[in-house]
Structures are given as structure tokens and as C-alpha cells.
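Colleague: Read off the chains here:
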Amino acid sequence: MGSSRPCGVIKESYAADMSFFEKPFHYWAIGLLILILVLLPFMAPEFYLNAILLIAIFGITIMGLNLLTQAHLFSVMHAALMGIGAFTTAFLSQQLPFFLTIPVAGLMAAAVSVFFGLPSLRIKVFYLLFSTTAAQFIIEWILNWITRDIPGSAVYTAPLGLMGYQFGVLEQYYLYLLITAIMAYLIAHIGRTPLGKAMVMIGEKDYAAQIQGVDLLKFKAIAFAISGFYAGVAGSMWSYMLGLVTPEHFPFLMSWELLGVGVIVGGLGSYVWGSILGSVMIIVVTQVTTELVTVLTPYMPWLGASAFGLRAIFYGIIIAAILILEPQGLASLLRKVKRYFDLWPFSY
Amino acid sequence: MVLLEMIVMGLAAGTIYGVMALSFVLIYRVGKIVNIAVGDMVLLGAYLIFAFSGLGLVEDPVINLILGLILASIFGLVIAVGTERFLMRPLYGQSILSLIMMTVALGMILRGATIVKWGTVLRVFPGQHEVFPPIPFTIGPIEIPYVYLWSITGAFLIFGSFLYLFRKTLFGFAMRAVSLDPEAAATHGISIKKIYTYTWMIAYVAAFLAGLVLGAINGITVIVSYLGLARALPAALIGGLDSPGGAMLGGLLLGLIEHTVGTFLNAYIPGIRAIIPYIVLLVVLIVKPYGLFGTVRIERV
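Protein chains in written order, with the numbering used here: chain A, 44 to 391; chain B, 754 to 1054.
If you're looking for bench data, these hints aren't it; they were derived computationally from the structure.
Simulated pairs of lysine to any residue, SDA-like, Cα-Cα distance not exceeding 25 Å:
#	chain 1	residue 1	chain 2	residue 2
1	A	Lys167	B	Ser848
2	B	Lys1041	A	Ala251
3	A	Lys248	B	Tyr845
Far from chain A by the CB rule (all over 12 Å, computed), these chain B residues:
#	residue
4	Val761
5	Leu808
6	Thr940
7	Val1014
Cβ coordinates follow ideal geometry from the N, Cα and C atoms, glycine included.
Excised from the complex, chain A in its bound form (with noise of 0.2 Å):
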């Protein structure tokens, strides 16, 4: 958007000054992208596949999430969130096709994101980090209490497919990659609606926004439920692809690291390049964890059990390293790298 541009780049007309894509680089470089993503099943092995629809996933959430912390609405419940989207998908996959699963599970998860986040009209910024600690546990203990006939609370998800037909890993990998674009493209453009404006009032402080006509009942609402749309999708998706759930694969800790780590690491305002930046943190921290593990157990046995928190350190470490050196996120690298190229090679 138009704000941030550097002296000396002109835009001549409206739509040019409003255009998503400043400049044909962007189309290049999206559709390269694009082109990679698609081609990637035939040449990388399915670990990597499994790698980026966990950050897709992740990517998800953590996209609804910075909307949310846009408007200083701290939130620590979306992982609990992506369990009620995860749990209702279990139970109706078993009647219903994908199609109607996923939006059911995000509604569901819209609906109780907005339970608990309706008294954020009282309670203000660090308050409602508390209160939402309450929900992450009251959720999580409702998700033990619904399973609690179950042997070991885990409910199985039936796998992908249509009609009779079951969608194997390549099938899986396109849906994902297609619901990942839908979503990134909607939450884009929600940072250009009245929507997205009201969002960083909000987030500014909430009484001037109210002052200024912003109606604070109706934003908070939409935001959370936006919000919580976006965390039941991300759980349905984990669901289809673990094939069962649990009520433990949503801790606590994942809240937290999705706030931390997803949001403030990738930077917080930028929806979607921030938002795929911390889920690839996230993933590319566990994921480097486990292999240092599984390296260095040989040499230092008492590592063995302690990949968990090995990775909770690393986590610390960054979210203390990004908050000191780069507080705008990784998100505002990539912006001052691409400043450095409005004004190639004659900068001032």
C-alpha cells in the first residue's frame, strides 16, 4: 500500500496508487512462486510436503490471529480454537464431504471465539490475554470432557475425499495449497476494508476510534470471529491430515507460540507475508530441533528426551532476539529490503 513508499516513486493515477501489486516484479515473483508450489510434489520428497502444509496450516491461524492483534486484542486461545475446528471436523467427517466440514468447523470455532472474546468490550489489552488464557483452558478441559468415553480422547477423522473417491497425497497437497490461497487473498484484502481501517484504530486506542464513529461492539465481534473462522479451518485441515485427534495436540504452549512466535516474529500488521513468515519459523524451529536431537543424542545421551525443551529455548531466544534487534517482525525485513529496491541503483 501506498504509505510506506520512499521519495522519488511516483504514482500517477488512483488505481496505480491503490494496486495490490506495485510493480511487475510482484506478478513475477508471485508467479513464480506459484509455479514452484505446484511443480514441488514431482521433484521434493514428502517430507517437504508435509513441512508446508503444516506451515499452511499454521499459516492460517496465525493470519487470523495477526488480524486480531492488529486491533490489540491479544489472544492465547487459537490453539484451543483450532481444536474446535479440529474435533467438530472428526465428528461429521464421517456424513459429510470436505466441502461443508471445513466451513462448519470455522463457524463453530467463529462461535466460540466470539463467546470469549465479547467481554473484550470491558476489559482491555492485557486483561483480555487473561481471559483468554481462562478460555484456552476451559476449552481444552470441555474437549476432555466430550472425549472423556473415548479411549484415549482420540477421535478419528474419515481421510479426504469425494464422492467415493479418496484424495491421496497429491490431491491433499493441491486442496491445501488452494484453500491456503483463498484465504491469504481474503485476508489481504480485509487490511483494505473499512474493516481492516477500523482494526488499527482500534488497535491505536479504542475510545478514540469510538469517538471517530468506529461502532467497537461490531468490529471486536467481526474481528474475533474473522479471527476464530480462520483458526476452526486451520484445525479442520490438521484434522484431515493427522487422521485423529486429541484434545493434547492443542496445549497451552501452542497458543503461545502462535502469538509469540507466528505473530510477533513474522510482524505483526503485515497479514500475509508476516503471517507465512512465523509459521515458517515455527515449523523450520521444530523441525531443525528434532534433526539436532536425533544428531547429537550418540554424543550427549541425557539430550534424549528433551527435544521439547530444547525447542522452547530456541523459541524464547528468538522471540527475545526479533523484540530487541527487528521489534516490526521479519515481515519488516523483508519491507526494507524491498525500500532498498525502489530506488535501484541511484539511492540517496
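With chain A fixed as given, assemble chain B onto it according to the hints.
Modeller: Chain B only, in chain A's frame:
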């Protein structure tokens, strides 16, 4: 009589919730930092006490454990200095979200470090059965476990000494000055950095004491960190986030609710006791967000 026992148990357990809430409230009052890492500080305390008392420096198990607590607290002072210097100081003056996320990072590092060092196996303090015998302590008709005697004594000591420090000494006066207006305090010659460092030190020591009691009740695992956070937040909130006295009262009230209402409800819905603190948290947030003794923030454009 069962009810009386529940009330006494609740109040006894509440003292340690109050200590955790004190750790939380202190950081918030002086530094305006919402310390999400409070549960992880409690966890670290439990493990450090386990490690130091495991050295077996003294024969007597009780003195051994107390010595462990003291050594752990000294270690905690070093960690407090590191926390303030390397994590918090670069962020002073930045947005509230940055400060919160930094405490989250601190919590992740502390929790991760304990898992890497000690694993996820359930541990108990050395000499657990001698120090905290399974037979309850009896006062007339009431029976309470020995752990709660520790809890009450420890809470009384730390809370009393803190209140004396905060209300009566020059140091406490400086602390209150910084909490009121850091810049004005700085112009009067108070070193804000030192005050913040000492505040983190007191918070760590309080959290470590809570770690001793929670570790003795539940055994030492990662769960302690969630239990700590789950009790510290509602207790601090009931009293109002910036009132140390309110923190103790909030802790007592929370303990009371958990051990009476929670136990009664548990008979009908098994397992609901685990989320009673969160329900209390939600209700307090909706009914009285600034707590009983908290400062009501007046917002102006």
C-alpha cells in the same frame, strides 16, 4: 466439620497462591510489566531447590531443604540480574505488547532449560517423606497436611518482610516512587535500573518459595508451571493488579473458593476442580476488572 476443614485447607493453600500473586503484582506495580513467566519462575524454583537440597550438605532433611531454598534463592538473584539486564532493559519505554512478549520469551527459556536439564520425569524433594509426612497434622478436630504448615510459615515470613521493606524503609519508599513515576524518581536521584533489578530479585525469591510448596504438593514436573500461572493470575486479579496486600487477600479468597466450591462441584462434575481458578478469573474480569484494591485506570483521549 468437613466444611471447617475445607475452609482451613483453602486458607492454608491460599497463602501460597498469595505469595505467587505477590511475585506477579510486584513486577506489575513497579515495572508495569505483566509477567506471564511467573509460573515458569515457580517451576525453576522447584527444580533448583530439588537440585541444591539433593547435594545433601546437611544431615537433617528439614534443614537440608531450607538450605536448598536459600541456595536456590541466591542463584535466583543472579538470574534476576540477568533477566533485568539482558531481556527487560532493552525494552523499557516500548509498547506493552513487547514487554509481555518478552516475559513470554523468558518463560519459554526458563521452562525449556528445566526440561533440558532435568527431563520430564516426576521428581520429589529429597527427604520428602520425613519433611512432609503423609500423616496429616491435627489441630483439635481439623486435619491438614504438613505442607500447608510450610506454606503458612513461608508466606508469613516473606509477606511480612516484604511489607516491612515496602512500607517502612527508604528502599521501599524508592520503590513506590519509581512505581508512581519513574522519570520523576530518576530526577530525585533514584537509580531506576537498580530498583527494577531488586524488584525482579524479590519476585524470583517469592516464586521460588512457592515452587517449594507447589513442588511438595504436586511433585516436580512441568505441570507446576501451569498450576503456578493458573493460581497467580486470578489471585493477583482479585486483589487488583497493583496492590501487594490485595494479592495476599486474593490468594486466600482463591484458595477458599477452590477448596469449598471446587470440592462441592467436583462431586457432581468430576474433574471440574482443575478449571475452577480459570472460571474465577473470567468472572472477576467481567464483574470487577480492576479488582478489590486496584487502581481504576481512567482513560482519556
